[in-house]
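Residue numbers (numbering that gives the first Met the number 0), protein chains in the order written: chain A, 0 to 515; chain B, 0 to 354.
Keep in mind the hints are simulated off the structure, nothing from the lab.
Each statement offered as a hint is correct.
Just some of the chain A residues that point at chain B, by a computed CB distance under 8 Å:
#1 Leu13
#2 Arg22
#3 Ala57
By construction, the Cβ of each residue, glycine as well, lies at the ideal position given by its N, Cα and C atoms.
Listed here are the chains, written in short residue letters.
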Amino acid sequence: MSTAIMEKPMANPLREGLVDGRRPQPFTLVIFGAAGDLAHRKLFPALYNLMLDRLLPAHFNIVGLARHPYSDQEFRKEIEESIRHYSRRPWDAGEFSRFADEIHYVTANFDDAEAYRQLAAILQGIADRTHMPQNHLFYMATPPSFYPIIAQNLGAAGLNKPKQESDWVRIIVEKPFGRDLASAQDLNNDLHQVFDERQIFRIDHYLGKETVQNILVFRFANGIFEPLWNHQYIDHVQITVAESLGVEGRGSYYDNAGAIRDMVQNHMLQLVSLMAMEPPVAFEADAVRDEKVKVLRAIRPFSTRDISEYTVRGQYESGFIDGSPVPGFLDEPDIASDSRTDTFVAMRLLIDNWRWAGVPFYLRTGKRLAKRATEIAVQFKTAPHRFFSQTATPELEPNVLTLKIQPDEGIALRFGAKVPGPVVRIRTVNMEFLYGTSFADAAPEAYERLLLDAMIGDSTLFTRKDEVESAWTLVTSILNGWARAKNPIPTYESGSWGPQEAEQLIARDGFRWRRP
Amino acid sequence: MANSEMISWSADDLDGPSLLNALGSVVPDALDGAKPIVATVLTLGLYVKGVSSPKWVSLAQELAKQHPSRILVINPTTQDGQPRLDVAISATVAERGQGETPTLFSECVELNLKGGLATHWIDFLQPLIRPGLPAYLWWLVTPPGPDFRWDLLSTSGFTHLVIDSKTENWRQWLPSLRQALAYHMHVDDLEWQRLRDLRHHWAQLTDEPRVLKTLLNMESIEVTAPNPRWSQWIWWVTWIASRLGWNLVLDHDRTPSAIETDLGPVPIMVAESPDTTVTIVSDNVRVTTQISQPTLKSVAYHGDTAILTLDEHRIATSLQEDMHNILNRGHDVLFSQTLQCLLAAEDSLGGTLDA
Ligand SMILES: NC(=O)c1ccc[n+]([C@@H]2O[C@H](COP(=O)([O-])OP(=O)(O)OC[C@H]3O[C@@H](n4cnc5c(N)ncnc54)[C@H](OP(=O)(O)O)[C@@H]3O)[C@@H](O)[C@H]2O)c1
Numbered sequence: 000m001s002t003a004i005m006e007k008p009m010a011n012p013l014r015e016g017l018v019d020g021r022r023p024q025p026f027t028l029v030i031f032g033a034a035g036d037l038a039h040r041k042l043f044p045a046l047y048n049l050m051l052d053r054l055l056p057a058h059f060n061i062v063g064l065a066r067h068p069y070s071d072q073e074f075r076k077e078i079e080e081s082i083r084h085y086s087r088r089p090w091d092a093g094e095f096s097r098f099a100d101e102i103h104y105v106t107a108n109f110d111d112a113e114a115y116r117q118l119a120a121i122l123q124g125i126a127d128r129t130h131m132p133q134n135h136l137f138y139m140a141t142p143p144s145f146y147p148i149i150a151q152n153l154g155a156a157g158l159n160k161p162k163q164e165s166d167w168v169r170i171i172v173e174k175p176f177g178r179d180l181a182s183a184q185d186l187n188n189d190l191h192q193v194f195d196e197r198q199i200f201r202i203d204h205y206l207g208k209e210t211v212q213n214i215l216v217f218r219f220a221n222g223i224f225e226p227l228w229n230h231q232y233i234d235h236v237q238i239t240v241a242e243s244l245g246v247e248g249r250g251s252y253y254d255n256a257g258a259i260r261d262m263v264q265n266h267m268l269q270l271v272s273l274m275a276m277e278p279p280v281a282f283e284a285d286a287v288r289d290e291k292v293k294v295l296r297a298i299r300p301f302s303t304r305d306i307s308e309y310t311v312r313g314q315y316e317s318g319f320i321d322g323s324p325v326p327g328f329l330d331e332p333d334i335a336s337d338s339r340t341d342t343f344v345a346m347r348l349l350i351d352n353w354r355w356a357g358v359p360f361y362l363r364t365g366k367r368l369a370k371r372a373t374e375i376a377v378q379f380k381t382a383p384h385r386f387f388s389q390t391a392t393p394e395l396e397p398n399v400l401t402l403k404i405q406p407d408e409g410i411a412l413r414f415g416a417k418v419p420g421p422v423v424r425i426r427t428v429n430m431e432f433l434y435g436t437s438f439a440d441a442a443p444e445a446y447e448r449l450l451l452d453a454m455i456g457d458s459t460l461f462t463r464k465d466e467v468e469s470a471w472t473l474v475t476s477i478l479n480g481w482a483r484a485k486n487p488i489p490t491y492e493s494g495s496w497g498p499q500e501a502e503q504l505i506a507r508d509g510f511r512w513r514r515p
Numbered sequence: 000m001a002n003s004e005m006i007s008w009s010a011d012d013l014d015g016p017s018l019l020n021a022l023g024s025v026v027p028d029a030l031d032g033a034k035p036i037v038a039t040v041l042t043l044g045l046y047v048k049g050v051s052s053p054k055w056v057s058l059a060q061e062l063a064k065q066h067p068s069r070i071l072v073i074n075p076t077t078q079d080g081q082p083r084l085d086v087a088i089s090a091t092v093a094e095r096g097q098g099e100t101p102t103l104f105s106e107c108v109e110l111n112l113k114g115g116l117a118t119h120w121i122d123f124l125q126p127l128i129r130p131g132l133p134a135y136l137w138w139l140v141t142p143p144g145p146d147f148r149w150d151l152l153s154t155s156g157f158t159h160l161v162i163d164s165k166t167e168n169w170r171q172w173l174p175s176l177r178q179a180l181a182y183h184m185h186v187d188d189l190e191w192q193r194l195r196d197l198r199h200h201w202a203q204l205t206d207e208p209r210v211l212k213t214l215l216n217m218e219s220i221e222v223t224a225p226n227p228r229w230s231q232w233i234w235w236v237t238w239i240a241s242r243l244g245w246n247l248v249l250d251h252d253r254t255p256s257a258i259e260t261d262l263g264p265v266p267i268m269v270a271e272s273p274d275t276t277v278t279i280v281s282d283n284v285r286v287t288t289q290i291s292q293p294t295l296k297s298v299a300y301h302g303d304t305a306i307l308t309l310d311e312h313r314i315a316t317s318l319q320e321d322m323h324n325i326l327n328r329g330h331d332v333l334f335s336q337t338l339q340c341l342l343a344a345e346d347s348l349g350g351t352l353d354a
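For reference, chain A alone in the conformation it holds in the complex (with noise of 0.2 Å):
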């Protein structure tokens, strides 16, 4: 009888302390839908600023997969034009002669169970030439009807699972997750059949943004600021993602979701989690997203009065952008003529927690919008007893600290100092704290940390499945009780701040939405 002892494999005392050391082994990296938008403009450069980083293993291959016929060699050099347009920093012939040791292409269509054969036969021979070991990260750069689908084909061929148990295999799924909570649900459960939850890596791009990411570091490793964030001193917050831009010829994918689908689902809840979430027992992956899911389940949820209350959609008219004309939403390429899309959100939430009890949180978001801004600005309470009430200053305003996410990242506090001279005179003052002058580096783009992240397995920065489905049960209440009502929906002008029923919404509370 066999008397093997299954020992766990011993840590690395190498890798320990290599604070920069998260290099991943090496992989190969399976896109599908590698001819399309996302794999040029954004994967491709990512992976190669992550290289020129020195953050990937000295080996790691590429293959991938869409309908639009290229040859591996035609492909490589469609990765080399990808990279010299969309990378941020230029191209170098010598570097680029080290991009990845294979790189091979399927055309096939997704339903196509020959095509997982190929790809199989493809990966095979790639650990038997090269003896790496059979890690596979399978990114789903396709429209989201296809996720399904790509899964269970992989699951058909036998990719879904490692050969090997030191070995891993990892699937990216991009936004949008779903449109509803049902469908959500139903990914979910369609992802379920084939891979466990912990090889599944739910993109939310807000997420590998430096500043998002600092609202933790902001929160957490400064003493000063977590004892204030609080029901206590805090009066309310307001978040706002505001762009100009319009739906920019992807009016056919617009038209089908919506601010609320597009913005709030994920990145505002995903902002507002962070805001507002306990500190999790360690900086790792369950603990940070227990905690996240803890607000999302704390969010007071809506009744039919309150959607009509608390709730406000809007549509974009046409108007001037930055002095230009530009056309309004109806009139927009792909776009029904009768469509009832909501190009513009305006919300408040309420945390039914200890320490949120009481404090709103006012959401806006829309397009074409005055000015291109996301920040996340605090208002505190005012100070419990007027002392300079019977001085020259009546109208002192509350303290503010603004987190400024874009595109002027950094912070921002608002205070009263004394105006000088004889008489107690205040004002008001900003003490600003710009990410560009303290730290001239260039920032690195969303996908590499999110790319990086999933080839080390690290998962902090992606949606659990909980997550994505307490999300959709808050945005699909509300999507529902839009879909009841029959009233014209509210419209503004391009270059605007929303429309009035926005300003009437906060105003209702006593407050006044910033000028970001």
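Fit chain B with the ligand to the known structure of chain A by using the hints.
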């Protein structure tokens, strides 16, 4: 940095108060009285003592483009004669939006010190160090002498000491590093920084269980190099000893001669050769890394059969990039642990090397 402007100013035979005064007024004077927002995130002192190459000032200015700093280039030219200070200031000011306050991005202060000032430069520097921010002293050429006042340096505001053990025999730096640590400064070495590739390469090699097993059971270490005094191999073996919790043994001239492993002493053989290699050997496996500029090439042999190869491209870094990397990555705790391992080995020799 878009729309930046360089403001320059120089004066000879200045005293301390006039220098401070100049630092406060040079930029506003050039901006018609406007006081800029100061965006510097650190103070960077470069102690260059008469060594004019590389061009420290331009090197420092390039660094400040990435790490907005107040740079103090400290050049004590001679300790003889009357005290004298000649100063050149160059400040980079970035324009923000129209009508907005300009930002003072970096200031480079070149201090040529003579006479008593060349000796007592620490006192002189104190008011120039920006409070509350990290302050690095880069001491890259000859190490300080035995009578250097580490106590004064550590209270002056400098929190980090950065050396370059490549430029001098590494042993000469040891007493200085010991002193800096005793005064609670963070210590880093550019040579350690340059070893990063090799450390990562070995971490990748030992991800492979057979190589890790060889490391844990090694019977000897072999090093070849054109210059056996090359400090990187010393950091490499000390790093391995420290990671595995083993003791390093030094010979009488402070060169590592063995590692005391759990299984007994592992001798370190160093030989002069045109090729730079590091090798570990166990009873049946030999893992060797050939270190050359464009590549790190490792092969693990079982007998004569190659069972694993790992080739990696290396990036040649300039001095400026090495410095940038240290500022970017911050103090490396792993280096402190490695240094402690080396100092512990020296302690067990009894008595330390004088500076
Ligand atoms: N583009 C972005 O910046 C961006 C940002 C965030 C999220 N996303 C998400 O990423 C995904 C991809 O977006 P994208 O902009 O790259 O789309 P895209 O440009 O339309 O690319 C889709 C890719 O899928 C391939 N494809 C489509 N149907 C196929 C089929 N039946 N069989 C084989 N290949 C097929 C296309 O190949 P052929 O051209 O050869 O047909 C193309 O390579 C989408 O889910 C999108 O929502 C994109």
